[in-house]
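Engineer: Just so you know, the sequences run in chain order A and B. Using my numbering, read the first sequence as starting at 1 and increasing by one per residue. Using my numbering, read the second sequence as starting at 1001 and increasing by one per residue.
Calculated from the structure, these hints are not laboratory results. If a hint is listed, it holds; no wrong ones were tucked in.
Partial selection, computed: residues in chain A whose CB lies under 10 Å from chain B:
| no. | residue |
| --- | --- |
| 1 | L49 |
| 2 | S51 |
| 3 | F184 |
| 4 | N213 |
| 5 | G221 |
| 6 | S227 |
| 7 | Y231 |
| 8 | I265 |
Straight-line distance between alpha carbons at most 25 Å, and here's what the computed SDA-like set of lysine to any residue pairs gives:
| no. | chain 1 | residue 1 | chain 2 | residue 2 |
| --- | --- | --- | --- | --- |
| 9 | A | K264 | B | T1284 |
| 10 | A | K264 | B | D1290 |
| 11 | A | K264 | B | R1276 |
| 12 | A | K264 | B | E1283 |
| 13 | A | K264 | B | F1279 |
| 14 | A | K264 | B | F1315 |
| 15 | A | K264 | B | R1286 |
| 16 | A | K264 | B | A1303 |
| 17 | B | K1053 | B | E1020 |
| 18 | B | K1053 | B | R1029 |
| 19 | B | K1316 | A | R268 |
| 20 | A | K264 | B | P1309 |
| 21 | A | K264 | B | L1275 |
| 22 | A | K264 | B | D1210 |
Note that the Cβ used here is the ideal one computed from N, Cα and C, for glycine as well.
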Amino acid sequence: MSHFMSDTGSEDGLAQAHLHGLAHALGHRKSHLAESETAGLLESSAVDLLSSGFAWHYRCEDDQSAYDLALAAVRALPEGSLADGADAIIYSTCLPGNGNIGTAETWRSSRDVRHLMEFPASHLQAELELDRAVVIGLTQQGCTGFLGSLRLASSLLASEPEWERVLCVTADRFPPGSVYEQSFNLISDGAAACVVARSPGTFRILGTHHITNGGMAAATGEESIGSYFSYTQLLVRETLRRTGLTMADIDWIVPQNTNAAAWKILSRMLGIDENQVHMPSLPESAHAISSDHAINLSDLTASGRLRKGQRVMLLVAGHGLNWQSTVLEVTA
Amino acid sequence: MSSTIVLTGGTGYLGSRLAERLLEITDHRLVLLARDPQRARQFIDAWGADGQKRVDVVPTDLRDGTIEGVARDSVTHVVHSAALIFFNVEKLDAQAVNVDGTRAVTEFARRCPNLQRYLAFSSLYSAGTRTGRILEQPHPPESAFANHYEWSKARSEQEVLDGASGLPLTIVRPGTVIADGPDGRVTQYNAFHNTLKLFFYGLLSLMPGDAATPMYLTTADFTATAAAHLLLSPRGEGIYHLGPDPDETQTLGELIDQAFDVFESDPAFRRRRLLRPEFCDVETFRHLVDASRSLGTSPMSQALQSVAPFAEQMFKRKHFDTTRLHAAWPEHPGTDSPSLTHAVIDRLVASRWGRNQEGTSWT
Ligand SMILES: NC(=O)c1ccc[n+]([C@@H]2O[C@H](COP(=O)([O-])OP(=O)(O)OC[C@H]3O[C@@H](n4cnc5c(N)ncnc54)[C@H](OP(=O)(O)O)[C@@H]3O)[C@@H](O)[C@H]2O)c1
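One chain only, chain A, in its complex shape (with noise of 0.2 Å):
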């Protein structure tokens, strides 16, 4: 057992949230990325990002929000997660303007503030009846807002006694127009749901970790690739040290989606075989922005491949910069 846990078996309060749930929902234009090339929404060619690992992604319609991804996501998440309500909803974006429902052209045309704060969470808590649900938006931690809204929902079960269940929702979509593409990653609109609750589930947290360094808020993409290797390996150290584990302690590691050949480099860095590093909807979704995770895990836990007791270690980073992680015990 790693020293992290008390007696209490709640040394920082993180030891008693699980995680209940998870579920996703994409942008419904699937598209190869040959077709995105055409229509001029690559920034990188299709050789390229298929040498990458990247096949199809997936666009929102014109008429499809983020906000419909994010209910979408939730509607999907198990019957019955949200039947005795939620305590808060923690919504994130990758993009800041996701966290507005409202229109910069109602705002231009009224000159009323009020349509740059409609917030999405307030809309999903009236939309899903969750009354008793206070909310709170994570705007900027870009693609590792999914990640900070656990480490949040973790450290506030901690702190409130009274509360029972957070709901974590990350939503994105790029306005039209844009290129689906960042730092060399293809990218699809998507969002992600899931349920951190006192009550075991099917992992439990053991640990959370998060990196800001803001000397790097303009990387470029090839900064932020640049730094992805030794900033990832501090991220694993310190995740690592903070929970009392080593890298034999950990069975799975479930990264964004992002080139292949970057897991191959890390793998052999961090002394893990390849195949215990699992992202396979790479080619299928490519990077869905904060609902990688949500998607691979899914994946792991319907492969049959999880035993209890496993340790799963998620990763990720994103704008900001930020670098941010949590470990899950397989409880189930």
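Since the structure of chain A is provided, determine the placement of chain B with the ligand on it from the hints.
Structural biologist: Below, chain B with the ligand alone, put in the same frame as chain A:
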């Protein structure tokens, strides 16, 4: 009859410095064998009145396989420094210029009846991927190489040793030249500077290599001075390693630490909080280079491709013996490696890798 020194590569980084030095310390005439006579003229003009009076140019492309237009009787010294020096040179080009071209120069030297010395530039890395103590002697024939450049320099040495047997012969093997002189000024950029640039700009966070590998870094002044001395000295025949003594070298790990210490004194660098690179094995680095091909023609990808052919050497601990150099050149000034690299890195950072200097080459 006055003596004439025939020089190939006189428009190059080391060749031009050697020519200038020979004009200074001798009153010999100089004949530059240059493929671009106009470029050669620019150098001669820069060498002032001595240059105008004592230097001639004979247009020569070593790929033609013969050297014509030089009165052989007057030639007392032949210096061969021309070469393609990129680590990522294609094998056929390296063969044509570095191997076949050397054969042509050697053949020319052999047919100079009054030859007093033939000096050919090789490289420390003609030793290939061998490790351990490397003597100032011909290499064993069965070496392996990290890239076609090294291979061609070893083949070129063999061409000289075979073709010039019986001639008064000097082979110099310079280390990696990282600066003009001890003050750290850089006019020729190579994989050394390129790698540090990737680190400084945060485009690379892995370092292929073993932190304990000694680095044989030197200056153009040291190399040209040593070559001139050996060329003219009656004791200068044989093979010489032109670089720091093994106990003067820095290790790769010390060098990287020093580089980051200097980088971190730059406020813009410090603000970005870039981490010191992690050492990785050669296979891991190859994956990185392969992956970088999918980044198209980005500067990062181009720089990595240029560094990659040298990566394997960063694992090969070599100790280049310099006993013969010390014996032939007792007043040899030695190398203060940490002070040299500090001066170079300081200037690279301050000048942002010579961004404002026109006409620098990237090898
Ligand atoms: N620089 C180093 O760090 C280093 C280290 C170890 C050994 N060396 C050796 O030192 C020698 C000189 O190096 P360097 O740094 O002075 O190289 P450099 O600056 O690249 O100069 C190369 C010279 O070779 C000439 N050349 C190339 N192809 C030719 C051809 N087909 N016909 C005629 N001339 C040709 C070039 O002429 P253009 O001006 O017309 O291009 C130039 O004058 C080389 O043998 C190299 O292998 C250098």
